[in-house]
Amino acid sequence: MITTIVDLFASLFLLLGAGFALIGSIGLVRLPDLFTRLHGPTKATTLGVGGVLLGSILYFSLRQGLSLHEVLVTIFLFLTAPVSAHLIARAALQRHCKSLAQVPEAGEEKRSNDENP
Amino acid sequence: MLNLAVLAAMAMLGVALLLNTWRLFRGPDATDRILALDTLYINAAAVILIYGVHIGRPDFFEAALLIALLGFVSTMALAKFLLRGDIIE
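Heads up: the protein sequence lines correspond to chains G and A, in order. Going by numbering that gives the first Met the number 0, the first residue of the first sequence is number 0, and it counts up by one from there. Going by numbering that gives the first Met the number 0, the first residue of the second sequence is number 0, and it counts up by one from there.
Treat the hints as calculated values from the structure; they're not laboratory data. Accuracy of the hints is not assured; some may be wrong.
Ranges of calculated distance between the beta carbons of each label pair, as one might list FRET restraints [claimed, not checked]:
#	chain 1	residue 1	chain 2	residue 2	range
1	G	89	A	61	18 to 26 Å
2	A	56	G	97	45 to 53 Å
3	G	95	A	6	43 to 51 Å
All values reported here derive from a predicted model rather than from experimental measurement. We put the CB at the ideal spot given by N, CA and C, even for glycine.
Whenever a hint applies, use it, and build me the whole structure from the sequences.
So, in structure tokens, the structure goes:
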């Protein structure tokens with residue numbers, strides 16, 4: 000009985016995580032410029048991996064005793080995803096990638112300096 | 000039921016990996032390609048975790064943790080290279 004319920008929740012979390020990963024990748028393909036494209040993967044894939052990990056924690060905790068070392072992956076990804084997104088955004092700002100919005104001041108200054116040396 | 004959910008999740012992640020690969024080849028700028036690689040390794044870690052559930056062995060978390068670590072380091076190195084033209088200053 001309890002196995003069925005826990006398995007139901009585990010499969011629910013697995014499907015939720017995979018669905019979020021898929022939504023993030025669809026966003027990566029469909030969104031128009033790099034700064035909007037950053038939103039899809041960096042938010043949705045951390046949530047997606049979080050869902051998958053929650054599902055596997057439920058699955059293995061039921062069968063082989065409490066297993067929490069999957070939480071390490073979650074914590075690591077939650078810590079590092081914003082850092083890598085920040086670095087990619089900074090690199091894109093410096094390279095003057097095409098943006099739908101107004102580029103912030105520093106980028107504008109650099110561009111005008113580049114155009115009128 | 001769980002087997003069906005695992006297979007469906009694997010199919011969804013496979014489609015996600017294909018979409019990431021499309022952006023990796025298509026991406027108009029190098030930063031798009033780095034972003035696609037970043038997403039690709041996170042999704043690959045998720046695929047390995049789901050494969051561990053499918054097989055029923057908990058040994059696959061170490062592989063996923065290693066992929067996450069190395070992927071973060073490589074993303075950081077690539078972004079730093081684009082920013083500065085050098086990785087270690």
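Evaluation of the provided hints:
no.: 1; hint: G:89 - A:61: 18 to 26 Å; result: violated (32 Å)
no.: 2; hint: A:56 - G:97: 45 to 53 Å; result: holds (46 Å)
no.: 3; hint: G:95 - A:6: 43 to 51 Å; result: holds (45 Å)
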